[in-house]
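Line by line, the protein sequences give chains A and B. Under the numbering used here, think of the first position of the first sequence as 35, with each following residue one higher. Under the numbering used here, think of the first position of the second sequence as 58, with each following residue one higher.
Read the hints as simulated data drawn from the structure, not as lab findings. Among the hints, erroneous ones may be present.
What the hints assert, rightly or not - Mimicking EDC-like on lysine to aspartate or glutamate, the simulated pairs with C-alpha atoms at most 20 angstroms apart in a straight line are: (1) A:Lys190 / B:Asp641; (2) A:Lys190 / B:Asp242; (3) A:Lys190 / B:Asp243; (4) B:Lys196 / B:Glu152; (5) B:Lys171 / B:Glu184; (6) A:Lys190 / B:Glu352.
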Amino acid sequence: MNALGPSEISARRRPFAMLAIAGFRLFAGFCLALPFSSLVASTGIGTRAEGDRALFEGGGYLLLELLRLHAGELVATARGLMPLFLLGLVLTCACNVALLIALNVRERLTSREWLALTWVRLPAQLGVVAGAALAQLLIVFAGSIALGVIPEPLAKPVATTLAQIAVLVLLAVLAGAVGGFADVTKASLVRHEAPLGQSLARAWSCVRSRPISACFGWVPYAASFVVAALGVAKLTDVVDVSRAGAWRLAAVFVVHQLVVLLSVACRTAWSARVLRLVATETHRAQSPVL
Amino acid sequence: MRCESSTRCSTSASSRSARLALAAAALACLPARALAAEPVLEHPRHVASYTLSARLDAAEHRVTARGQITLFNYTEHALGELYFHLYMNAFKNDESLFLRSPFGAGRSGQHGGKWGYIDVKRLYAREAASELWPNRSPKSPGDDDDETDVRVPLPSPLGPGQSLTLDVEFEVKLPQVVERTGYVDDYHFVAQWFPKLARLMPDGSFNHFAFHPQSEFAADFGAYDVTLDVPAGDVVGATGQCGNAPAPAPAGRRLLRCLADDVHDFAWTSWSSFQERRERVGAVDVRVLVPPGHERNAQIELDTVRFGLQHFGARFGQYPYPTLTVVHPPEAAGDSGGMEYPTLITTGGPWYTPYSGARAIEAVTIHELGHQWFYGLFASDEHRYPFLDEGLNSYAEHSALRARYGEASAFSGFGLQISNEALSRAIAAARGADEPIAQGAGDFFSFRSLGAIVYSRTASLLSTFERVYGKPNLDLALHDYANFARFRAPEPAQLLEAVRGRLGDDAARNLSRALFERASVDYLVRDVQSTESDPHAGVFDEKSGRRTIPRSEVRPAARYVGRAVVLRHGSLELPVQIELRFADGRRELRDWNGQDARYVVNCVSTSPLVGVTIDPEPRVLLDDDLTNNAASRDDQGAPRSLERILYAVELLLGGGLP
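Looking at chain A on its own, in the form it has when it is part of the complex (with noise of 0.2 angstroms):
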């Protein structure tokens, strides 16, 4: 296999690579959807003449009551399909990882190539995955400490929450840079194909270099991904899938799935990115110094 240049490596070469993510997402989101939704079926609402869209009507009657009558069985439901969600997390990483590894390559993959070589990379990649997961749990608990010993004088509410809004912007910000680091060193394992160790010392690098580019470089696609979201949120409520109409419930869909694809491209976006900033630093480090 031949890694792509530094400026080869874009999220447009593997359009094909998205589409199978979002397909996986797609299917693994059904199969954990399926059992909720045959729940709610199970409790007779389609029996209804408005169907299911009683659930989403003004004043929410009839979802407060299911919520009310069966929010012990949708618990059990979720413990139940827990094991599989995580199951859905670690695929998810692979596909993270196969995605890395679509991008960093010259030639057209196989499928068997690049599942095996997904497989050989996952070990470490999960490693870090839960490194970087630990860490960020850690700042969050050092975070809650810190907010609890903020003075809150009576006569000074808007200081008080400005203050613990500070430090809950300090935890987002070192949460952000330890998954941006993350990223950096996945796609040096993948960029480098070099031990965990090696990896986590490119990365380092690359931090020390380009701080911004590598701690929060992911925070513009983010952005794109939750103003997408929220955007979509409006379009549904005016789509209003309580009224009748079988469109109004594919519209909301389409919509939907065009938003989970977004996702995905805007984490292949940020993959390309990362990788090309990884390509280029060791380039860097490997030229003579003129």
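Following the hints, complete the assembly by docking chain B onto the known chain A.
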């Protein structure tokens, strides 16, 4: 003592059941008197009036007070004793009824960080020239550990039509804010702080009770003249109209005189950091006191009060007082929020609440404002029948919020609109008819039970009546009730009478059952069937002889016979609508009076009957289970739910990894 208490409780529980049954029977037999013909009182009879001077020691959190209490014996009976509520003693020690097991804490669920109590130094009867306090029974009747309900014998009976003037001196140590009273730092909210005469009943007895953690209050109307001595820099909010006192204030102090007529309690707050907004709304001078940074909340509270005074005024009679003070306590003193006093209400919530999209400030303001009628003007007995205040007021609150915000009165977003009525219905249905609505606050299993049944079930009951019998009719009934109740301390009988007068005997019977008998209802649909009405295949013996018609020769049926069974479980007999759905998409609505336990739907149509839904809107919010209200020969499944859950899971899978 604990064992004795338990025995006492069980005895009172059985006698309570008998009492409720008797009350229900008596109320059901009441003649349908025209409540609307009763004159509306302009002013109440003044029974207990107070003239007090109180000094706040902000550093020690103490209030030292002295003054006069005047009692007018309006009854036809001579009074040989008095009862005083010393509510502040609820926070004196862990042995008080309020703080001890099994209740452990009040409605707020908090114990309070510092003890609070009241020491009465002197109670002197002028007419009898006698010191009364040394002869008091220091403990609450039947409870040797509690000191919130004190009996004071009179040296000579107070005859009918006579008045008694009592000189009183007392000192209050405020608790750290708990159960709507106390202090946090230099913020003070002073409520239930003076020796308050128990309500004098027409039979010459006193409606006295120890301060139960699930209970609120009851007192007689009177006039209050209270002079407050507070630190010079403090902003004061209080019941009534306040102005600078005529006497000069001591150095570093501020003297205010507050006058309130036709009220039955007096509460006040003092804090240096309050920001004030004022607005004249009709004839009412509205003051809003908020902590710094709460400007948006102050605006919302003013807007809500402006709407509420007009809305409630039109429904339940004009607000008669010249002032209304809204106090928004600082967040750390949140337990002093969400409470009602005559002409003063407290709200609460963080300064950023309005920016969250939740209508919490609006809801608490409209709720507490509603109390100005159900608690303030009507003086409902919150101890004996809490539903007359909190229950009716919760209905009024939901109704007002719906009038202002529509179906999204509680939440709107993500394609969902949730109303306060739907939330309240869900809370009420979770407890069902575990306990009667019309019982004393202390008789409920727990405050959670009281909350679900008194607040939510009563509100759902009245919302059901509004939808089933028509809002204009219920509005008229409540208007009649409000006109009667104004300054009269009503009982459930008057509510039943008002409902009977405007909604009829069936409605009154249903109301009585729901209030006193734990009545409930669950409508459900069974067995939807449809068959062709004229199948001609088979062997027929006719005049001309036996004739066999093969199935292949049968023409398509022109008509279908549909059948379904609709059932009513429970003893509430509420009229409902039944919706029939046919295969060609046509729908038909039928009315059922709900009086029988079963109703068989029969129909003949050109299209097969495919589904039946009872109460499709829904109107009967008391229905125990809304999910069994439909049955169908086809099932459309839950495609919208699948789509929504699928999207949520896809987002979770995508965002669940760093």
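These are the hints, each one checked on the structure:
1. A:Lys190 / B:Asp641: 65 angstroms, violated
2. A:Lys190 / B:Asp242: Satisfied, since the Cα-Cα distance of roughly 13 angstroms is no more than 20 angstroms.
3. A:Lys190 / B:Asp243: 13 angstroms, holds
4. B:Lys196 / B:Glu152: Measuring from Cα to Cα gives roughly 11 angstroms; hence the hint holds.
5. B:Lys171 / B:Glu184: 39 angstroms, violated
6. A:Lys190 / B:Glu352: 13 angstroms, holds
In summary, the numbered hints that this structure violates are 1 and 5.
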